[in-house]
Amino acid sequence: MIVLDSSFLIAFHNETDVHHSEAVGVMDRLVAGEWGSALLLEYVFLEVVTVLRMRLDLASAVSVAETLLRAREIEFVPCSEVFMEALETFRTERGSALSFADAA
19 MIVLDSSFLI AFHNETDVHH SEAVGVMDRL VAGEWGSALL LEYVFLEVVT
69 VLRMRLDLAS AVSVAETLLR AREIEFVPCS EVFMEALETF RTERGSALSF
119 ADAA
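Take the sequence shown: its letter number 11 is residue 29 in our numbering, and every next letter is one higher.
These are calculated hints, taken from the structure and not from any lab test.
A few of these clues could be false.
Ranges of calculated distance between the beta carbons of each label pair, as one might list FRET restraints [claimed, not checked]:
#1 54 - 110: 14 to 22 Å
#2 95 - 35: 22 to 30 Å
#3 43 - 110: 16 to 24 Å
#4 89 - 25: 30 to 38 Å
#5 75 - 106: 27 to 35 Å
#6 102 - 36: 30 to 38 Å
#7 99 - 36: 21 to 29 Å
#8 36 - 106: 13 to 21 Å
Note that beta-carbon positions come from the ideal geometry of N, C-alpha and C, so glycine has one too.
Take the sequences, apply the hints, and build the full model.
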């Protein structure tokens, strides 16, 4: 089992990140099951989605959010009761720079 880190996920999903190629290699190992299942804490998810919103755009951040939540290799660990409501607010908030934390 491995706990996912925000810097790894941000680098993987942002092709201009200086650590992107390293992150791709690590992701290949993760998907191959080298460490077993991967835990994604809500707080890490929040940071990843917020940073990608700022560095890329809302559509990219929402796409990554949905991919992370659907990935069979990843076990999401919620930390609050308002997560799903906050995610829906974040998804539908067009025309503003609302972060995921603000949506919560």
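Numbered hints the structure breaks, given as an ascending list: 1, 3, 4, 5, 7, 8
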